[in-house]
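S.K.: Each chain, written out:
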Amino acid sequence: MSTYIIKRLLAALPVIAGVIAVVFILTTIVPGDPVRLMMGQRGDPATIERIKEDLGLNKPLWWQFLDFFRRALTLDLGKSYRNNMPVTRAIGQRIPLTAKIALSAMAIAVIMGVTLGIISAVRQYSILDYGSMFVALLGISAPTFWVGLLLVVLFCVKLGWIPGTGTGDGSWIYLVLPVITLGIRPAALIARLTRSSMLEIIRQDYIRTAWAKGLSERVVVMKHALKNAMIPVVTIIGIQTATMLSGAIVTERVFSLPGIGRLSVEALINRDFPVIRGEVLFLALIFVFTNLLVDLSYPLFDPRIKYDR
Amino acid sequence: MKRSFAIALALVMVVAVFAGCSKPAVDTPAEGKSDKYGGIFRMAVMADPPDLDPVHATDTSSSRVLYQLFEMLVDLDSEGEIVPNLAESWTISPDGLTYTFKLRQGVKFHATTENGTPTANGGRAVTAEDWVWTFNYITNPKTNSERAYFLDMIKGYQDYQEGKTDHLAGVRAIDDNTLEITLEYAFSPFIAVLAYNTFVVLPKEDVEKWGAEFNFHPVGTGPFKFEEWVQDDRVVLSKNENYWRTDADGNQLPYLDGIEFKVINDLTMEWTEFTLGNFESIEELDDPYYHEALSKYPDSFFERPQMGTYYYGMNVTLEPFKDNKKLRQALNYAIDRQGLIDLVRNGRATPAKGVLPPGMFGYNENLVGYEYNPEKAKQLLAEAGYPNGVKLTLQYNSSDAHKRIAEALQQQLKQIGIDMELKNVDWGAHLDSVERSEVPFFRMGWVVDYPDPDNFLYVLLHTDNFGPNGNYTRFSNPEFDRLTKEARVESDPEKRRKMYQEAEQIVVEEAPWLFIYHYTTHQLLQPYVKGYELPSFGAYSAKYYDVWLDN
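So the protein sequences, as listed, match chains A and B. Residues in the first sequence are numbered consecutively from 42, following the numbering used here. Residues in the second sequence are numbered consecutively from 3, following the numbering used here.
The hints are simulated quantities; they were obtained by calculation from the structure and are not laboratory data. All of these numbers come straight from a predicted model, not from anything done at the bench. Quick reminder that beta carbons are idealized off the backbone N, C-alpha and C, glycines included. Please note that the accuracy of each hint is not assured.
With a straight-line Cα cutoff of 30 Å, these simulated DSSO-like cross-link-like pairs (lysine-lysine) come out [claimed, not checked]: (1) B:Lys144 x A:Lys120; (2) B:Lys487 x B:Lys327; (3) B:Lys425 x B:Lys324; (4) A:Lys199 x B:Lys298; (5) B:Lys380 x B:Lys393; (6) B:Lys166 x A:Lys93; (7) A:Lys93 x B:Lys157; (8) B:Lys144 x A:Lys93; (9) A:Lys100 x B:Lys166; (10) A:Lys120 x B:Lys211; (11) B:Lys206 x A:Lys93; (12) A:Lys120 x A:Lys141; (13) B:Lys144 x A:Lys100; (14) A:Lys93 x B:Lys211; (15) A:Lys120 x B:Lys206; (16) B:Lys298 x B:Lys378; (17) B:Lys211 x B:Lys144.
Here are a few chain A residues that sit away from chain B, every Cβ distance over 10 Å (derived from the structure) [claimed, not checked]: (18) Ala62; (19) Leu116; (20) Tyr166; (21) Leu240; (22) Ile248; (23) Thr250; (24) Gly255; (25) Lys264; (26) Lys268; (27) Ile280; (28) Phe328; (29) Thr331; (30) Leu341.
Construct the entire structure; sequences and hints are all you get.
M.R.: Right, dumping it as structure tokens:
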């Protein structure tokens with residue numbers, strides 16, 4: 042197992058380097074000069090030149106690329122052009138909030154999604170099935186910003202039960218609407234996937250055998266069917282979690298939350314290259330690790346899958 | 003099984019939605035010798051300030067906070083007139099080269115910050131040496147201050163920037179309370195430049211202690227002290243107990259216990275939260291809520307003309323505007339400015355006849371500008387070589403407001419046969435391509451850095467200032483250049499006024515801009531906020547030292 046993990050991590054290195062290389066190239070192709078933007082609407086060319094020199098922006102791209110990796114090895118991702126904050130700190134400050142929202146949303150999504158998926162599969166063509174799948178379809182189709190605004194209008198403006206924006210005094214109540222908004226889409230996705238995956242499994246011979254043995258519905262569904270149906274579901278849960286951890290741009294905007302997504306948007310608008318590169322590196326690492334975790338979890342659901350011996 | 007799942011599901015939803023349904027409590031205690039004391043002023047702002055270090059700040063989001071933390075030698079009152087601030091008075095030598103400032107006594111740097119932590123300076127008094135140090139720090143090439151070049155008229159600036167000397171020769175302390183600044187050449191708007199929010203006094207000890215991190219631990223002399231900054235969420239300031247200013251009854255200012263700037267980056271949400279009473283003020287009232295706000299808050303919605311102009315630039319070195327004054331004039335005759343303002347801005351702007359906004363020194367009531375005259379526009383268009391109309395592409399930076407205006411103008415121009423296509427790009431790309439002289443027709447706006455026509459006419463239209471310096475249309479006219487350059491050193495206000503009016507008339511005649519409107523500035527407050535004055539310089543420059551809450 043450890044050999045497998047090491048192999049996977051080594052294999053991830055060229056992937057990460059490739060992603061960063063693409064970002065380096067893209068940031069230089071896109072029009073808009075970070076130092077010029079720092080100057081406000083008007084700037085003095087002499088100062089612009091001097092700041093560029095100091096930031097190493099006049100150096101060739103390959104040099105900047107290698108320098109980025111050289112520093113990244115010592116956990117130095119540079120400083121934001123916009124406010125001079127070390128990039129590791131800028132990202133680090135935002136991880137707790139983003140993680141709290143993403144993981145809560147995912148927990149709700151998994152509970153709701155898997156539950157609805159199982160009910161629909163077991164009671165296929167029943168009113169419950171149609172009802173759940175209709176709700177799931179709505180959940181997938183409704184744009185996040187619209188869901189967010191609707192929730193705000195209802196619970197914050199009309200009913201006045203929950204504050205609408207920001208993090209307030211840090212109380213969990215401020216996160217209720219963002220978590221629901223963020224959780225709806227993955228919940229719907231998981232529900233649909235669980236249903237189709239379950240439907241495939243419950244038609245298998247070994248499930249019929251289980252019924253024939255006289256096992257209870259609980260054991261047949263939860264132990265024999267669900268466990269085997271989980272592999273595609275776990276995969277999608279992994280991808281969704283990684284996506285959410287890399288920042289819920291729309292949700293964070295609607296609710297004015299200072300998460301990772303807001304940092305990305307601001308960095309892109311301001312051509313804040315160190316922050317953009319740092320965030321992409323962070324995002325790439327999140328995806329590599331969640332995918333690895335997902336792969337490592339497969340043997341729990343299917344003992345036939347084994348990683349080296 | 004079905005039932006247990008249904009129950010679990012119901013539980014999840016109930017917990018998520020119903021638990022803890024309450025609005026955050028608001029309490030603003032009133033205490034002290036005057037009943038005006040106390041309370042936190044909470045304001046919703048659109049964006050996080052990038053810089054709380056005044057030396058690097060270039061934007062209004064930062065300025066809004068900086069005006070509370072730091073102070074300049076001089077300030078602008080709400081009418082845009084220069085008034086004493088940390089300098090009590092000043093004299094100017096007859097040749098216009100030497101400025102001598104008498105400094106206010108009893109001004110102290112913040113003694114504590116961030117939850118009572120003592121500052122490195124310990125709350126000591128400000129002396130002329132502090133100003134000398136600060137001006138040297140700002141203009142030091144190693145500091146890379148984005149706004150140092152505003153001081154390029156100070157004697158020795160170039161030598162210092164180029165590393166030929168180790169200090170700024172033109173600034174010296176005569177004694178503890180007297181500061182002298184000598185200029186390389188007479189520059190009439192110099193005092194106005196000193197009101198810019200970069201040129202504040204800084205405590206050497208704290209700047210040296212924090213280095214680049216000073217941005218996150220600012221220490222100044224202002225009415226409020228820095229407490230906390232959560233990126234993209236909030237900036238919290240608290241009352242400076244040692245502030246020098248008192249009110250008319252001798253009560254020490256400020257009245258407020260603190261200010262909290264909260265980032266709500268959506269105008270609809272800002273308005274919603276305001277109506278719920280969660281903020282004392284919001285940065286911007288979006289046009290769709292204008293009428294509702296006027297009727298709900300008739301006595302606490304302030305709006306007035308601001309020193310700024312909204313225009314579309316026509317690059318005179320690019321086709322089709324190159325050597326085609328008539329085409330540029332035709333566009334100016336083709337638009338109904340008042341109609342546009344009424345339609346998309348709720349009447350909240352002043353039609354622009356020329357460059358300078360009303361209220362600015364040198365503004366010319368009798369300027370011969372453009373009226374809405376489609377017939378004349380058509381005629382000029384034909385004379386310009388486009389009897390069958392012309393196709394233009396307008397580039398603007400993405401924003402709903404700019405889009406609404408562009409679409410309205412698109413309809414107006416269509417009436418005379420001008421087919422205006424719209425192209426929007428983000429601000430960075432817009433600025434970049436416009437400055438490189440790649441875009442013939444573009445949206446732009448300008449709000450003054452310091453209230454003087456120099457900051458409009460010289461900066462935006464003089465041949466010296468092509469590109470990033472401000473002249474995006476590459477307009478160049480020898481007579482205009484001469485007038486605006488000479489007006490910089492002219493000390494007689496009446497002569498200066500005439501020169502600027504003459505220069506402006508040249509620009510209007512040559513029409514490198516499609517003059518659209520002059521901005522207004524506004525601020526919406528809760529009715530219980532008292533003592534507030536809206537500055538003509540822009541709401542972002544409002545000071546809160548004598549604002550109080552009557553609740």
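S.K.: Against each hint, give a clear statement of whether it holds in the structure.
M.R.: Status of each hint after checking the structure:
1. B:Lys144 x A:Lys120: Between B:Lys144 and A:Lys120 the Cα gap is close to 17 Å, so the pair holds against 30 Å.
2. B:Lys487 x B:Lys327: Given that 30 Å is the threshold and the Cα spacing comes to 24 Å, the pair holds.
3. B:Lys425 x B:Lys324: Status holds; Cα separation ~21 Å.
4. A:Lys199 x B:Lys298: Given pair A:Lys199, B:Lys298 holds - Cα atoms ~18 Å apart, limit 30 Å.
5. B:Lys380 x B:Lys393: 14 Å, holds
6. B:Lys166 x A:Lys93: 21 Å, holds
7. A:Lys93 x B:Lys157: Holds, because 26 Å separates the two Cα atoms, which is no more than 30 Å.
8. B:Lys144 x A:Lys93: 13 Å, holds
9. A:Lys100 x B:Lys166: Satisfied, since the Cα-Cα distance of roughly 26 Å is no more than 30 Å.
10. A:Lys120 x B:Lys211: Cα-Cα ~19 Å, so holds.
11. B:Lys206 x A:Lys93: Cα-Cα ~27 Å, so holds.
12. A:Lys120 x A:Lys141: 26 Å, holds
13. B:Lys144 x A:Lys100: 19 Å, holds
14. A:Lys93 x B:Lys211: 26 Å, holds
15. A:Lys120 x B:Lys206: 24 Å, holds
16. B:Lys298 x B:Lys378: Violated, at about 44 Å.
17. B:Lys211 x B:Lys144: 17 Å, holds
18. Ala62: 22 Å, holds
19. Leu116: 18 Å, holds
20. Tyr166: 15 Å, holds
21. Leu240: 17 Å, holds
22. Ile248: 16 Å, holds
23. Thr250: The claim stands: A:Thr250 keeps its Cβ more than 10 Å from every Cβ of chain B (closest is about 20 Å).
24. Gly255: Given that every Cβ of chain B is farther than 10 Å from that of A:Gly255, nearest at about 16 Å, it holds.
25. Lys264: 12 Å, holds
26. Lys268: 16 Å, holds
27. Ile280: 23 Å, holds
28. Phe328: 24 Å, holds
29. Thr331: Check passes; 24 Å lies beyond 10 Å.
30. Leu341: The claim holds: A:Leu341 sits with its nearest Cβ about 22 Å from chain B, beyond 10 Å.
Hint check: a violation occurs at hint 16 only; the rest are consistent with the structure.
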